[in-house]
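Since the structure of chain A is provided, determine the placement of chain B on it from the hints.
Line order of the protein sequences matches chains A and B.
With our numbering, you'll find the first sequence wraps up at 349, consecutive numbering, no jumps.
With our numbering, you'll find the second sequence wraps up at 526, consecutive numbering, no jumps.
Please note: incorrect hints may appear among the correct ones.
[Claimed, not checked] One-sided and incomplete, this derived list gives chain A residues near chain B with beta-carbon spacing under 8 Å:
#, residue
1, Gly92
2, Gln96
3, Arg99
4, Ser102
5, Ala165
6, Phe166
7, Tyr167
8, Val168
9, Tyr171
10, Gly178
11, Ile295
12, Thr310
[Unchecked claim] What follows is a list of derived Cβ distance ranges for each label pair:
#, chain 1, residue 1, chain 2, residue 2, range
13, B, Thr150, A, Ala103, 37 to 45 Å
14, A, His144, B, Gly524, 56 to 64 Å
15, B, Ser90, A, Leu87, 24 to 32 Å
16, B, Gly441, A, Leu87, 44 to 52 Å
17, A, Ser284, B, Ala244, 19 to 27 Å
18, A, Gly194, B, Asp234, 23 to 31 Å
19, B, Ser211, A, Ser284, 28 to 36 Å
20, B, Pro380, A, Leu83, 36 to 44 Å
21, B, Gly315, A, Met27, 52 to 60 Å
22, A, Gly85, B, Lys451, 40 to 48 Å
23, B, Glu318, A, Leu83, 52 to 60 Å
24, B, Gly228, A, Ser284, 47 to 55 Å
25, B, Pro380, A, Ala103, 29 to 37 Å
26, A, Leu22, B, Ser211, 40 to 48 Å
Treat the hints as calculated values from the structure; they're not laboratory data.
Only a predicted model underlies this, so the values are computations on that prediction, with no experimental measurement involved.
The beta-carbon is built from N, C-alpha and C at its ideal position, and this holds for glycine as well.
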Amino acid sequence: MKQQVSGRRVPPLARFLVRRVLLAVLMAWGITLVTFVLTNLVPGDPVAANLGQRALGDPAIVAQWRAEHGLDKPLWQQYLLHLQGLLHGDLGVSQQSHRPVSADLAEFVPATLELAGAAILVSLVLGVAFGVVAALRRDRLADHALRLLSLIGISVPTFWLALVAFYVFFYRLQLTPGSGRVDVALGSAPPVTGLQTVDALIAGRWDIFVSAAGHLVTPALVLALYTIGLLTRFTRSAVLEVLGQDYVRAARAKGLPGRTVLFRYVLRSALVPIITVAGLAFGSLLSGTVLVEAIFAWPGIGQYAYKSATSLDLPAVMGVGLVVGIVYLVINLVVDVLYGVIDPRVRLQ
Amino acid sequence: MATRSQTAAVLLAGALTLAACGSGGTSSQAPAGGGGGRTLVIDTSFDLKTADPGRTYEPTGLVVDKAVYETLLTFDGSDVTKPVPSLAESYELSEDGKTLTLKLKQGATFADGAPVTADDVVFSLTRVRDMKGTPSFLLDGVEVAKTDDTTITLTSKAANPALPYILPNPALGIINSKLAQQHGATTDPQDKAEQWLNSTGAGSGPYTIESFNVSSQVTLKANPKYHGTKPAYDKVVLRNVEAATQKLNVQRGDSQIALNLSGDQVNGMPATLQVKKTASANVLFLLANQDTGVSKVTSNPKFVEAVRKGVDYAGLLELAGEGAAQAPGVIPSQLLGALPAEQAAKRDVEGAKAALAASGLANPSVKLEYPSELTVNGLPFQPFAERIQANLKEVGITVDLQPAPVTTALDNYRNGKEEMGLWYWGPDYPDPSDYLAFLPGKTVGLRAGWKAGAAKEIEAAGEKAATAVGDEARKAAYADLQTKLNASGPFVTLVQPSQNIVTAASVTGLEYHPVWTVDIADLGVK
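So here's chain A without its partners, still in its complex pose:
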C-alpha cells in the first residue's frame, strides 16, 4: 500500500473509477468506428433503397440526394463528419423518417429499456431466490426442480417462447393484454421519462399504469426466463462454494441466526459472480428484445433497428449500433464499479 509517488494521496477507489471511465470513453470511440465501418460495408445502395424509381432515373436528383446525405464524399471524410456530428450530439437524419436519429431513438430506446429493465428486475429477484433455495436444498426435490427449470430457461429459444406465451396467455387463457405498450383506447401518458409506467404515475393516471404494467408482464417474463435460468445456476454454485468456507462454518458455530449468516456472509460473497452474470445478461436482453418486440408489437429499438437495416437507412443503423454499444459499456462500467465497492481487492488490480 505504500505506492503513492506524488505528495497528494489519491484514494484507490477514485483512481480505479477514473481509469475505468477513461477506458470507457476510448471504447465508445471504438464503437463509433466499428459501427461506421460495418454499416458502410453492407452491400446494396442506400440511394436505390430510399429514392423512388422515377427519381432514380434522374441523375440530378440522385446526385442531390447523395450530396444531401454526405454520400458523395470519400469514406474517411464521411467518418470525420459523422464523428464531428456525434460530438455535437447530432446523430444525423434518418433517411426513412426524415427526422433526427436522436429524436427517433429518444422515442424507441425508453420502450426497450422499460422492457429490458423489467426483465432484469424479475430475473434478479427470481434468479437469486431460486439459486439460494436450490443451494440450501441441495440434492433434494426443490433443487432438482429448480435446476430443471433453469435448464429449460437457458435452452428454449426466446422468440419461440414469445410466440407460445402470446398464444397461451393472451389468446387461449385471455389472462394478459395483447400487442403494444398500453391499451390503445386509453392513449398514453404525456412523455416525461419515456417509461410508460413511470409517466402514467407522474400524470396520476392509474388506469394507464395498470394497463402498461399488464402489457409488460408477458414480454418481460419471456425475456427474463433465460436470465433467470442463468442466475439460478450461478447463484446456486456461488452460494454452495461460500457455504463450504471456514468463516461461514465458524459464524454458524458461534450460534449466529441462519438468516444473518445467509445475508451477511453467504450472499455478500456470492454477489460478485451474480453481478457479472446479471451485467452480461442485460446486454443479451437488449438483443433478445428484437424478436420479442416483433411478436408483441412492442414499439422499441428492435423494430426500429430492423426497419432501418432493411431499408439501408445508414444513419439510423449507426445510431442504433452506437446506443446499444454504449449501453453495454455503461453496464460493464457499473459492474466494474460494483466489484470495486463490494470487494476492495478489485480496486488494486
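Chain B alone, transformed into the frame defined by chain A:
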C-alpha cells in the same frame, strides 16, 4: 435448516408476489374498440415512410393519406374502372386527350375551417410534381393551372387518358396551402414541410393525424370540420403488427381488422369474423433477360417459350391459396384492359420440350434471382421459386435458385443484371398505361435487358395503346398489346395472390381497394 428454508420461502414468496402484482392488473382489460368506444384498431405490417401526401408511396402511407386528404377525383368502393368526383364536382377530358378540365365543388373545408380553393389545388399538385418525391412521376409533364376560382385545367404534352385514373391517388391529396407554407412547404425539392405534415395533417378528409410513428403506430381522429358524411369511428389506430400476431389479435377482439394474413392463416377462422378474399392487383412474373451480355440462354426466344409452356400455373395457383387468380397478362383483373381468364397460359410439357429442342440449347442452366424475405400479400417468394425449379426440371432446364435480401436483390434487378428474376408489380395507379413500363426501353423492360427498338411490333402496339382515347378503344388496344407480349416478350406472368382481410363482425362496408387497400371512412359499425 428450518430457518434457512424459511428465508428462502420468504424470498420466493416475495418474488412471486411481485410477478403476480404485475399480472393482476391485466384482468381488468376490456377489449379495445368495439361498438361503444368507437375506436377502430387496424393491425397491419407497416410499410410506411411518411404521411406527407407529396412523398407517400408505401401501402400504409396510402391508407393514412386516403383518410386524411381528399383528391380531386376518387373511386367508388372497389371499382377502379370509373373515376368519380370528389373535391371536383365534374371533369372533362378533351378529345385529343391532352386537357383535363375540372370544376371544383363548393363548400369543402380543411380541418382548420378554411375553404378548399383552386389555389390550394394548384399549389398541392405543383408541389408533388416539382418536389421530386417518390410520387412525382404521377404528374410528369402535366401543367396545372387555375382558369378561374372554380376551374382547374391539367394540360399534358401528349395524350394522357390515364390522368383521371391517376388523380384519385392519395399522393395527390389537396393540402391547406397557406397553412403548409407557414410550415415550410414549397413547390421545389427544398420543401421542409414533411415533419409538420406528419405531426398533424393538413387535409380536408374525414380524419386528421393525432400521432404518427413510422415503425409502430399511427392514430387518426375524426375531423370535426369535415364537410362530408361523418365517419363512423371517432378514433382509428393503425398498429404495426406481425402477421402471426395479427391473427391472434383479431380473433381475440384486440383489433377489429387484420390486413396482412396469408391464405393459410385465414383458413379455419371462427364464424364470428368476416374474411374477405380478393385477388390482389399484384402480379407475380418471371423475367428472362434479353441482353446477350447477361445470358446467352435466356435471350434465346425459344427458351422463353419453353419456360412459358413449362410452368405449372395450376400448381402455382394452389400455392397462392384460395382467392388467388392466374394472371393471363401483365394487367391485373381489376383494371380496364385486363385479358380474360380464358387467355391465360396453360402448361404444355411436350410443347416446352419441343421449344427447348428448337432453341439449340442443350441442358441449359440458369440462375433465378428473387427477394428472400419479401412477401407479397403474405406469401414468400421461396415456395414459388422452388415450384418453378421443379416444373422446369421436367422440361430439361436446370434452375439455380439465388435468393437475396430485397435491398441486395433489387440492385441487380433494377440494373438489369438478372439472368432470370421472380418479382411482382403492383399498379402505381389503376390504369393500364402503368403497364407500358413492361415495353422495350421502359422501366421493367430494361430490367429484362430489353432495349428500345428490340421488338418493333410490340412497341407499335404499345404506342397505339398509349394514345387510344375512349374506354372501348383502350380495352382493345391493351388486350392486343398483352397478347403480343405473351407471344414473344421476355415476361411470364404467373398469379395474382389473394389479399385476405379479416374483420370483426361489428365492422361493415369493407372493400379491398388496389390503390389504398382500405378506405377507413367507408367503414361502419353494426
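The hints, checked one at a time:
1. For the restraint placing A/Gly92 at the interface with chain B, the shortest Cβ-Cβ distance is roughly 15 Å, beyond the 8 Å limit, so the hint is violated.
2. With 8 Å as the threshold, the beta carbon of A/Gln96 comes within range of chain B, its nearest partner Cβ sitting at about 5 Å, so the hint holds.
3. Because the smallest distance between the Cβ of A/Arg99 and any Cβ of chain B comes to about 6 Å, under 8 Å, the interface hint for this residue holds.
4. Violation of the interface hint for A/Ser102 is found here, the shortest Cβ-Cβ separation to chain B being roughly 14 Å, above the 8 Å cut-off.
5. This hint is violated: A/Ala165 has a C-beta 11 Å from the nearest C-beta of chain B, more than the 8 Å allowed.
6. Because the closest C-beta pair between A/Phe166 and chain B is about 7 Å apart, less than 8 Å, the hint holds.
7. Checking A/Tyr167 against chain B: minimum C-beta separation of about 6 Å stays under 8 Å; hint holds.
8. At its closest, the beta carbon of A/Val168 sits 11 Å from a beta carbon of chain B; the interface hint therefore is violated under the 8 Å criterion.
9. About 5 Å separates the beta-carbon of A/Tyr171 from the nearest beta-carbon of chain B, less than 8 Å, and the hint is met.
10. Taking 8 Å as the C-beta cut-off, the interface hint given for A/Gly178 holds, the closest approach to chain B being about 4 Å.
11. Among the interface hints, the one on A/Ile295 holds; its C-beta lies about 6 Å from the nearest C-beta in chain B, closer than the 8 Å criterion.
12. This hint holds: A/Thr310 has a C-beta 7 Å from the nearest C-beta of chain B, less than the 8 Å allowed.
13. Between B/Thr150 and A/Ala103, the C-beta spacing of about 42 Å keeps the proposed range 37 to 45 Å intact.
14. Taken as a hint, the range 56 to 64 Å holds for the pair A/His144 and B/Gly524, whose Cβ atoms sit roughly 59 Å apart.
15. Evaluation of the 24 to 32 Å hint for B/Ser90 and A/Leu87 yields a failure: the beta carbon distance comes to about 60 Å.
16. Take B/Gly441 and A/Leu87: their Cβ atoms lie about 50 Å apart, and the range 44 to 52 Å holds.
17. A hinted range of 19 to 27 Å for the beta carbons of A/Ser284 and B/Ala244 is consistent with their spacing of about 24 Å.
18. Roughly 27 Å separates the CB atoms of A/Gly194 and B/Asp234, a value that falls within the hinted 23 to 31 Å.
19. In this structure the hint that B/Ser211 and A/Ser284 lie 28 to 36 Å apart at CB holds, the actual value being about 32 Å.
20. Hint check: B/Pro380 to A/Leu83, Cβ distance near 40 Å, so the stated range 36 to 44 Å holds.
21. Between B/Gly315 and A/Met27 the beta carbon distance is about 56 Å. The supplied range of 52 to 60 Å therefore holds.
22. Look at A/Gly85 against B/Lys451: about 44 Å separates their beta carbons, and that is inside 40 to 48 Å.
23. Between B/Glu318 and A/Leu83 the beta carbon distance is about 55 Å. The supplied range of 52 to 60 Å therefore holds.
24. A hinted range of 47 to 55 Å holds for the C-beta pair B/Gly228 and A/Ser284, which are about 53 Å apart.
25. Under the hint 29 to 37 Å, the C-beta atoms of B/Pro380 and A/Ala103, about 34 Å apart, fit the expected range.
26. For the pair A/Leu22 and B/Ser211, the supplied restraint of 40 to 48 Å holds, since their beta-carbon distance comes to about 42 Å.
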